[in-house]
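Sequences listed follow chains W and Y, in order. Residue numbering for the first sequence follows UniProt numbering, starting at 1 and increasing by one per position. Residue numbering for the second sequence follows UniProt numbering, starting at 1 and increasing by one per position.
Keep in mind the hints are simulated off the structure, nothing from the lab. Among these hints, one or two may not hold up.
On the chain W side, residues computed to face chain Y include the following (Cβ under 8 angstroms) [said to hold, decoys possible]:
#1 V57
#2 G127
#3 C134
#4 M138
#5 L146
#6 P152
#7 Y153
#8 E158
#9 A161
#10 S169
#11 L187
#12 L192
#13 L198
#14 V203
#15 R207
Computed Cβ-Cβ distance ranges for the label pairs, DEER-style [as the list claims (entries may be wrong)]:
#16 Y/T144 / W/G41: 16 to 26 angstroms
#17 Y/D123 / W/R206: 10 to 20 angstroms
#18 Y/I62 / W/G41: 52 to 62 angstroms
#19 Y/T32 / W/R120: 55 to 65 angstroms
#20 Y/G124 / W/A43: 38 to 48 angstroms
#21 W/R8 / Y/D74: 51 to 61 angstroms
#22 W/G11 / Y/E112: 19 to 29 angstroms
#23 Y/A4 / W/R104: 27 to 37 angstroms
#24 W/D39 / Y/K116: 40 to 50 angstroms
#25 Y/D173 / W/R206: 20 to 30 angstroms
#26 W/E105 / Y/R46: 16 to 26 angstroms
Even glycine gets a Cβ: it sits at the ideal position worked out from N, Cα and C.
Protein chains: 2
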Amino acid sequence: MRMAELSRTSGVPVATIKYYVREGLLPRGEVTTSPNQADYGPAHLRRLQLVRSLVEVGGLSIAAVRATLVAVDDPAVPLHHTLGMTIAAAGPGTGGAPEDAAQREAEARIDELLAKKGWRPHDGAPGRQAAIDCLATMRRVTGTRLDSVLAPYADAVEAIAEADLDTVSALTDPEERVETALVGTVLGDRLLAALRRLAREHVSARRFPPAAEETS
Amino acid sequence: MRMAELSRTSGVPVATIKYYVREGLLPRGEVTTSPNQADYGPAHLRRLQLVRSLVEVGGLSIAAVRATLVAVDDPAVPLHHTLGMTIAAAGPGTGGAPEDAAQREAEARIDELLAKKGWRPHDGAPGRQAAIDCLATMRRVTGTRLDSVLAPYADAVEAIAEADLDTVSALTDPEERVETALVGTVLGDRLLAALRRLAREHVSARRFPPAAEETS
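Bound-form chain W, shown alone:
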């Protein structure tokens, strides 16, 4: 197909496609009869969709997209590393948290949790730092009132991670895998937050039932 059709099919504007080609994120189309016309196939469409997801859903920089694509294309890079890299690039940022007692105690609690669960994140895992920062902020605001949620949260996210990996493992196309993992990670956080509010309304209504005369 011509670039105009690739644009229509993918929903990505022609100018954006040209930008991705210039940045080396999308291979040039194959030159056919006319020197000014290039032909794009299903592989281009698939790659274009992945790049768009990485940029628009994942919020990855062009450099991070490029690194992800190199990993996707290199059969020597284990899938586990590619997924981990993509997820880390789209992960929550870690702010410069103050180094106070709450921070040190939160670090000890998170490391205790990791040991108990048998999770061994890589050195400098942003998830570990983000978890410590969150717990420290909770402790600064509410004391240790919220510490009790840590263990049930860890069990719940383990079930969530199993469901995520079930979905990704069922796919054979490496581009589909990376795209699904990324979209599932980034939009999955938002979906979980939304479902969590619905679940809380349900559990809260069950535990604190409104009085009989109320209509809502």
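Starting from the structure of chain W, add chain Y where the hints point.
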């Protein structure tokens, strides 16, 4: 205590405390010996901490804080409503999603899920709309590849909601309850996102083990 001490104890600047008092979010201190000095007690400290949490952690507007405090102070308002209101005010916003096929199908899937779980959110629940918007975006990007996570996600967030409500139910002070519910909701989303990344690294490493010669 004097306002300066209230500021030191709470960590809230004097100018901010004065602003909260002017906005009616914090009662004036009791006038004692000198007409220019007011006395603040433990109730002021507690209320100040709640206001700060609502504003800084929850990102609530002054009007939303005021409405929350009215509900906290009114024994006729059931706790379930107060918590629901606070959580809704701090909840994820809903964008103007396009009304396309993906949106309609996502709506049908979410309502199917709610029926299956027996969750009956109130009319216009922001969680329902946010869940529909997320699922529709996932469908636009990946087709139905991610639909299979819905049911396990719902089960996991129900366990999370039970843990959240366990924590809140254990508290007797209504201000502590609202504060804990709010901080747990807002920071809890971030904590869950962080723990989810750690869990995924763990599950991913187990399912896609690196080759034996690799060191990581």
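Okay, the hints, checked on the actual structure:
1. V57: Cβ of W/V57 sits 6 angstroms from chain Y, so the hint holds.
2. G127: 3 angstroms, holds
3. C134: 4 angstroms, holds
4. M138: With a closest approach of 5 angstroms, the W/M138 hint holds.
5. L146: Holds - the Cβ of W/L146 comes within 8 angstroms of chain Y, reaching about 6 angstroms at its closest.
6. P152: Constraint on W/P152 satisfied, holds at 4 angstroms.
7. Y153: Holds. Min distance 6 angstroms.
8. E158: 5 angstroms, holds
9. A161: 4 angstroms, holds
10. S169: With a closest approach of 6 angstroms, the W/S169 hint holds.
11. L187: 5 angstroms, holds
12. L192: 6 angstroms, holds
13. L198: Nearest chain Y Cβ about 4 angstroms off; hint holds.
14. V203: 4 angstroms, holds
15. R207: 6 angstroms, holds
16. Y/T144 / W/G41: 16 to 26 angstroms: Between Y/T144 and W/G41, where Cβ atoms are some 24 angstroms apart, the hint holds.
17. Y/D123 / W/R206: 10 to 20 angstroms: Holds, at about 19 angstroms.
18. Y/I62 / W/G41: 52 to 62 angstroms: 57 angstroms, holds
19. Y/T32 / W/R120: 55 to 65 angstroms: 59 angstroms, holds
20. Y/G124 / W/A43: 38 to 48 angstroms: 45 angstroms, holds
21. W/R8 / Y/D74: 51 to 61 angstroms: 57 angstroms, holds
22. W/G11 / Y/E112: 19 to 29 angstroms: 27 angstroms, holds
23. Y/A4 / W/R104: 27 to 37 angstroms: 29 angstroms, holds
24. W/D39 / Y/K116: 40 to 50 angstroms: Holds, since W/D39 and Y/K116 (Cβ atoms, about 47 angstroms apart) stay within the stated range.
25. Y/D173 / W/R206: 20 to 30 angstroms: 22 angstroms, holds
26. W/E105 / Y/R46: 16 to 26 angstroms: 23 angstroms, holds
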